[in-house]
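Novice: Sequences are here, hints too, so could you generate the full structure?
If you read the protein sequences in the order shown, they are chains A and B. 255 is the number that the numbering used here gives to position 255 of the first sequence; each next residue is one higher, with no gaps. 154 is the number that the numbering used here gives to position 154 of the second sequence; each next residue is one higher, with no gaps.
Treat the hints loosely; a few may be bogus.
As the list claims (entries may be wrong) - Pairwise CB distance ranges, derived in the manner of DEER restraints:
1. B:E75 - A:Q199: 54 to 62 Å
2. B:R156 - A:D83: 38 to 46 Å
3. A:L81 - B:V59: 38 to 46 Å
4. A:S103 - B:V59: 30 to 38 Å
Hints were generated in silico from the structure; no laboratory data involved. In this text, a Cβ means the ideal position worked out from N, Cα and C, and glycines have one as well.
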Amino acid sequence: MPALSMRLTQPRLLIDINRVDALKGIGLEAGHVRIGALARHVEVASSPIVRQHLPLIAQAMPHVAHIAVRNRGTFGGSIALADPAAELPACALALDARFVVASSKGRREIPAADFFKGVQTTARRSNELLLETLIPVPQNHMPVFLELARRHGDFAIAGLAFQLLLEDGIVADGRLVYFGSEDRPTLGRRALAAIRGQQLGPAAAEAAVAALAGDLAPMDSAQASAKLRLHLQGVLTRRALAAARARASEQPRIA
Amino acid sequence: MSEERVPIKLTVNGENVSRSVPVRQHLVDFLRTELGLTGTHLGCEHGSCGACSLRVDGVLVRGCLMLAVQADGSEVVTIEGLDATGEIADLQAAFVQRNALQCGFCTPGMLMTAAELVRADTHKTRAEIRTHLAGNFCRCTGYHAIVDAVAAILDRRANRGGKHV
Chain A
1 MPALSMRLTQ PRLLIDINRV DALKGIGLEA GHVRIGALAR HVEVASSPIV RQHLPLIAQA
61 MPHVAHIAVR NRGTFGGSIA LADPAAELPA CALALDARFV VASSKGRREI PAADFFKGVQ
121 TTARRSNELL LETLIPVPQN HMPVFLELAR RHGDFAIAGL AFQLLLEDGI VADGRLVYFG
181 SEDRPTLGRR ALAAIRGQQL GPAAAEAAVA ALAGDLAPMD SAQASAKLRL HLQGVLTRRA
241 LAAARARASE QPRIA
Chain B
1 MSEERVPIKL TVNGENVSRS VPVRQHLVDF LRTELGLTGT HLGCEHGSCG ACSLRVDGVL
61 VRGCLMLAVQ ADGSEVVTIE GLDATGEIAD LQAAFVQRNA LQCGFCTPGM LMTAAELVRA
121 DTHKTRAEIR THLAGNFCRC TGYHAIVDAV AAILDRRANR GGKHV
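Specialist: Right, here's the structure in full:
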């Protein structure tokens, strides 16, 4: 709707899918959580399934927009729009989600890693509709979600969604996803390599921050320069790893 | 170019409404121009400012982010409706008492949003009130007096066991 109001898009045909029941709901099936494209943000935020099985998304939801937008905005809408500052595409990538899209020719699944192509650009073809998101239930991962925005609920200028697999305080594996600074949610591969096998602590955090420059090439905008965004992603990385370390020591066995 | 129109039926503030609307018209333009309900304001028209807040099928929404045709079959409540039922009479009085408005442009949206909070009848901290109202911009008062007014009504309603005048 904002794009229509600003005349950024002038479709010949606009189809309202709001009342298609098959696209609604959140369910737990065979080791993964299914989130229908029309699941409202307010439903995702209050879902016991999400809280229990997808704590990363539960952490992210309070950052998603404001009450009036959460009442009507949808999970699928956020994924399909693919705004670089959006929280849910980043979470989907961190959780290795798959998106089910369909056209009259049939349906296919697209992994999150192949879906986001750039600013509001995805691998969904123009004749395809996003039906649902399938997210494998993560085992033994520690989620950390952080973002920086000028005001609560505003678009993030930097943010991260981490899934860390910790074994006795050592980073065994994980996925570090950065958003808000790049044109799409972006995996911090070098940052992860810098901390894999390392004890979670200040030295590992500095190694991750140093490696970030090789992972990220932030966008420059009036809101924040590329240099500032890279700096902020480093600040968030230190905070996230410190939070993970603190939580791991409180709770040595993360279920 | 003649514009395509679609017939819709809905209730607005409890009254049945049937109209033929242009497919491109958003809900607030419909309410303001077709029904003369000008209490709902338009600020940014892209979902940022909150001046257009409405209650549709029981929940708060951005009126500028919905087309009128999408409201077919819905129950729409505007600030005029909330005013008429007295649901927020205490909140309105508190806004006046505490100078929670200056120019008044944001006030209908602010009241619609605050109404969603106070009708839940649960205690909220000032920080929670601010978070709830964060999607509504006011460019005059600086929010402090608005939060005061909402906090006062939350306290008063809690003391009356959730009942309001």
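Novice: So, for every hint listed, does it hold in this structure?
Specialist: Status of the hints after comparison with the structure:
About 58 Å separates the C-beta atoms of E75 (chain B) and Q199 (chain A), a value consistent with the hinted range of 54 to 62 Å. For the pair R156 (chain B) and D83 (chain A), the supplied restraint of 38 to 46 Å holds, since their beta-carbon distance comes to about 41 Å. The hinted window of 38 to 46 Å between L81 (chain A) and V59 (chain B) is violated, with their beta carbons roughly 21 Å apart. The hint said 30 to 38 Å for the Cβ distance between S103 (chain A) and V59 (chain B), and at roughly 32 Å that hint holds.
Comparing the model with each earlier hint shows a violation of hint 3 alone; every other hint is respected.
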